[in-house]
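K.L.:
One-letter residues, chain by chain:
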Amino acid sequence: MPSGPKAIVSVTGGKGGTGKSFVATNLAVLLSERISNGLVLADLDVEAPNDHILLGVGDPLNVIEIEIFFPKIDYKKCTSCGACVKACDTGAIIMAQGRPPFVFPRLCSGCMACYYVCPEKAIARDGKRVLGYIRTYRVERNGKSFMLVSGTIREGEEHTPPAIVATKRHAMNMSRGLLLVDTGAGTGNGISAAIQYSDLVIAVTEPTPLGLHDLESILKIVSGMGYRSWVVINRHGIGPEEEHVELAKQYGVERIYRIPYSPIVPRAYSRGMPIVEYAPDDPASKALEELARDLAVELEGKLGVAGVVGA
Amino acid sequence: MIMVVRIAFATGSGGLDDEIYSRLGRAPTFTIVDVDEKTGEILNVKVIENPGYTAGSGAGVKAAQALGDEKVQVYAGPTPGPNAYAALQYLGIKVVPLTGYKVRDAVKKVLEMLA
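In the order they appear, the protein sequences are chains S and W. The end of the first sequence is residue 311 by the working numbering, with every number in the run present. The end of the second sequence is residue 115 by the working numbering, with every number in the run present.
What the hints contain is simulated information worked out from the structure, not anything from laboratory work. None of the values given here were measured: they were computed from a predicted structure. Please note that the accuracy of each hint is not assured.
[Unchecked claim] Simulated crosslink set (DSSO-like; lysine-lysine; CA at most 27 Å straight-line):
| id | chain 1 | residue 1 | chain 2 | residue 2 |
| --- | --- | --- | --- | --- |
| 1 | W | K109 | W | K71 |
| 2 | W | K94 | W | K38 |
| 3 | W | K46 | S | K86 |
| 4 | S | K86 | W | K71 |
| 5 | W | K94 | S | K86 |
| 6 | S | K77 | W | K94 |
| 7 | S | K76 | W | K71 |
| 8 | W | K46 | W | K108 |
| 9 | S | K128 | S | K76 |
| 10 | S | K249 | S | K286 |
| 11 | S | K220 | S | K249 |
| 12 | W | K94 | W | K109 |
| 13 | S | K86 | S | K121 |
| 14 | S | K302 | S | K249 |
| 15 | W | K94 | W | K46 |
[Unchecked claim] The calculated label-pair distances, taken between Cβ atoms and stated as ranges, are:
| id | chain 1 | residue 1 | chain 2 | residue 2 | range |
| --- | --- | --- | --- | --- | --- |
| 16 | W | T99 | S | T79 | 38 to 44 Å |
| 17 | W | G100 | S | K86 | 34 to 40 Å |
| 18 | S | T79 | W | K108 | 37 to 43 Å |
Every residue gets a Cβ at the ideal spot worked out from N, C-alpha and C, and that includes glycine.
My request is simple: use the sequences and hints to build the entire structure.
P.N.:
Encoded structure:
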């Protein structure tokens, strides 16, 4: 693990729309008040990052490009042998007999297999293309601030994992205290990359059959990777959750939190404000505060005594 | 002199009695037919597996590459997606959008469209 953050907590959940970003942004606001040596929130939902909207922040401090390898072929050296076409797992390279290969940029994942198999060394090692962007924001809250690092892929791009890895690396380099990771939906390679190195994974679900189904998918990944996990049942009260609890037990989930369903939450959303600021006395805010408090206590050892204040 | 044209049809199980498949990149097989351009007589039939059928990504391009390797001149089947279309163009393979026919009956249709 690269040096950088002292602790990494990831918020994920499998299903889209369970409230991953909702939990992550509210936790970030609550924890930034408690953690003195720095908090970085990484939005790794690179297909649709929106933590900056939920937090109501303005323009980013800076924007950098995410570059990945792209085969630049030296047509003087190329003998049209077709080795690169055979090696390409994503079908990004095509070749007509006797003619030089042709690369589809959007299909290329930048894996470099073509570079390694080319017997003529006709593919340059330093070929690059822009896959997406990393935006860094400063989020100011009550005199305290934390950094938000947000990754985005360009429209039409098919490969999210390289962008997720690049954004996460950037956030880790920036972090000296707690790194809070917000992942996208799903359970693919990109999600595994997003939750890698976590000290704790928070899986957000909801009391619906779909929430149950996707909770199992994500808990399989998390337990398979050997990470500790907590579960948050968001929109608590809208349906039965016995099976969710049973499932959590089965996968060794340490704690279960419940955020009651609250009609105030979408109102806070529509104003670009975290619920804990818009309506601090709402039952949903109280539940998030309890989670943040417990998280701060849990991380005290990792972050050092000075790292956590008011826990 | 006999002028032979090699036509590839997107198919399921494959063969002259198979219906044209609804997709190009994810079609299980291609039925490749050599036809006498003048008489429409079927001279040879070959069924190949489509590497795009099981591909993680880039199915259309992989399918096109397989047709290029077989020296196919005409592709007949559902309209290709943008990547597959570009690949077929690069490979010099003509595209005839055609569905709703058995391969055997489609051969005549394709020849009509090419004429």
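K.L.:
K94/W and K46/W were given as a pair; does the straight-line alpha-carbon distance stay at or below 27 Å?
P.N.:
holds (19 Å)
K.L.:
Is K76/S within 27 Å of K71/W, Cα to Cα?
P.N.:
OK: K76/S and K71/W at ~25 Å, within 27 Å.
K.L.:
Given the hinted pair K46/W and K108/W, is their Cα-Cα distance within 27 Å?
P.N.:
The given pair, whose Cα atoms are some 18 Å apart, holds under the 27 Å limit.
K.L.:
Starting from K94/W, check that the Cα of K38/W is at most 27 Å away, please.
P.N.:
holds (18 Å)
K.L.:
Within a Cα-Cα threshold of 27 Å, do K46/W and K86/S meet the stated pairing?
P.N.:
holds (22 Å)
K.L.:
Between the beta carbons of T99/W and T79/S, is the distance compatible with 38 to 44 Å?
P.N.:
Cβ of T99/W to Cβ of T79/S: about 39 Å, so the range 38 to 44 Å holds.
K.L.:
Within 34 to 40 Å: is that where the Cβ-Cβ distance between G100/W and K86/S falls?
P.N.:
holds (35 Å)
K.L.:
Are the Cα atoms of K86/S and K121/S separated by 27 Å or less?
P.N.:
Given pair K86/S, K121/S holds - Cα atoms ~16 Å apart, limit 27 Å.
K.L.:
Would you say the C-beta atoms of T79/S and K108/W sit inside 37 to 43 Å of each other?
P.N.:
holds (42 Å)
K.L.:
Between the alpha carbons of K302/S and K249/S, is the straight-line distance 27 Å or under?
P.N.:
holds (25 Å)
K.L.:
Please work out if K77/S and K94/W have their alpha carbons no farther apart than 27 Å.
P.N.:
violated (30 Å)
K.L.:
Within a Cα-Cα threshold of 27 Å, do K94/W and K86/S meet the stated pairing?
P.N.:
holds (24 Å)
When held up to the earlier numbered hints, the structure conflicts with hint 6 and nothing else.
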